[in-house]
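Colleague: Sequence:
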Amino acid sequence: MEYESGNTDEEEFNISSGNDNAPPEDEQTSGDDDVDESMDADGVDLEDDNVELEEDVDTDNIQSDVLDEPTDDERLDSGFVDEVLVGDNSSYDYYGDSDLETIEEPVRRRHVKSVGKKKNGSEDEDESDTEEKRKFYWEVMEMTFVSEAAAYTFYNGYARQEGFSVRKFKFKKTKGANKIVRRRRFVCSREGKRNSKFLTMDNRTRRLRPLSRCNCKAELDVKLDRGTGLWRVAKFVYKHSHKCAEPTESPFLWSHRRIKDFQKAEILALAAAGVRKHVIMDTFLSKYGRYTTVGFTRKDLYNMCCREKRKLLAGGDATSAIAMMENRRKKCADFFLSTTLIVKVV
Numbered sequence: 001m002e003y004e005s006g007n008t009d010e011e012e013f014n015i016s017s018g019n020d021n022a023p024p025e026d027e028q029t030s031g032d033d034d035v036d037e038s039m040d041a042d043g044v045d046l047e048d049d050n051v052e053l054e055e056d057v058d059t060d061n062i063q064s065d066v067l068d069e070p071t072d073d074e075r076l077d078s079g080f081v082d083e084v085l086v087g088d089n090s091s092y093d094y095y096g097d098s099d100l101e102t103i104e105e106p107v108r109r110r111h112v113k114s115v116g117k118k119k120n121g122s123e124d125e126d127e128s129d130t131e132e133k134r135k136f137y138w139e140v141m142e143m144t145f146v147s148e149a150a151a152y153t154f155y156n157g158y159a160r161q162e163g164f165s166v167r168k169f170k171f172k173k174t175k176g177a178n179k180i181v182r183r184r185r186f187v188c189s190r191e192g193k194r195n196s197k198f199l200t201m202d203n204r205t206r207r208l209r210p211l212s213r214c215n216c217k218a219e220l221d222v223k224l225d226r227g228t229g230l231w232r233v234a235k236f237v238y239k240h241s242h243k244c245a246e247p248t249e250s251p252f253l254w255s256h257r258r259i260k261d262f263q264k265a266e267i268l269a270l271a272a273a274g275v276r277k278h279v280i281m282d283t284f285l286s287k288y289g290r291y292t293t294v295g296f297t298r299k300d301l302y303n304m305c306c307r308e309k310r311k312l313l314a315g316g317d318a319t320s321a322i323a324m325m326e327n328r329r330k331k332c333a334d335f336f337l338s339t340t341l342i343v344k345v346v
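Those letters in the sequence shown? Residues 1 to 346, per the UniProt record's numbering, in order.
No wet-lab data here; the hints were simulated from the structure.
Treat the hints with care, as some may be off.
With a straight-line Cα cutoff of 20 angstroms, these simulated SDA-like cross-link-like pairs (lysine to any residue) come out [claimed, not checked]: (1) 287 - 306; (2) 179 - 230; (3) 311 - 262; (4) 235 - 300; (5) 217 - 165; (6) 277 - 249; (7) 299 - 207; (8) 260 - 294.
Pairwise CB distance ranges, derived in the manner of DEER restraints [what the hints assert, rightly or not]: (9) 230 - 321: 46 to 54 angstroms; (10) 223 - 321: 23 to 31 angstroms; (11) 258 - 311: 15 to 23 angstroms; (12) 137 - 276: 19 to 27 angstroms; (13) 342 - 246: 56 to 64 angstroms; (14) 320 - 167: 47 to 55 angstroms.
Yeah, the Cβ is synthetic: ideal placement off N, Cα and C, and Gly gets one too.
When you get a sec, could you build the whole thing from the sequences and use the hints?
Modeller: Next comes the structure, spelled out in structure tokens:
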């Protein structure tokens, strides 16, 4: 390496190898000498493209690149993912362009297949339900009952499970002196149609209620076997022409609402004590928890109390009023009562 010293403002270095960069100790320049702007702090010529630099990391540039690089949320918002995080959180491996398009297609196909399975499953369920109904039909046709009431109890229980109400329909009696019922039909409460005269009636005193009958054909027909004294099923139709009620609605249908004997006794006792009817109903609700477990509605309670009141007034309102006045006269000496009896002769 050649080195020229002097008072010149610039020094020239000819680099032959990376290990001979430093001049001899006796020929080193002083710290006051200026360094060429084309060289870095180590004396390497930055303008020479053939020089191999050592691994120097520019932290400022890396930090700026990281800040300028979009985040994962921005990549997802832009509709593509170009990097996949694998292994350690600090290492990223590039797997090329996103293949979300190829991933979604099998999902959609799987969804279509699952829908098809559901459809086939529903068809299979319908077929199984039909088979069960046919099997149940023949089981009912082979049934026998000890009485007409037992047949009604069975059909009403079946109706509650299916979601419809039952009413007693036509019956036939035996001929002769001792006429007894030998045949009875139990039908769906929506059997038949409303009489047309009630639809066009003038001077109506009561409101016209909504139509409830739709000519439903579901029924249970039982007949008396005189030889054994048992009731056998003569006809059973399980298909309805209307949608049945939900299980939560069945307890409110007409044939499934009934005030039991012990409930009736409790209601009459509370009413005799002066408890008002709406308070009695609230008491039963708090006792049973909800309407479905009570077994009757407020209207049923009011109607039952009204029927029992009419039974007490069997002789009529006038007779009851006179009896009440007589009792009051017995208790109070100053009370005066005078009655006149008018008899009509027809």
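Colleague: Any of the earlier hints contradicted here, and which numbers?
Modeller: Hints 1, 4, 6, 10, 12, 14 not satisfied by this model.
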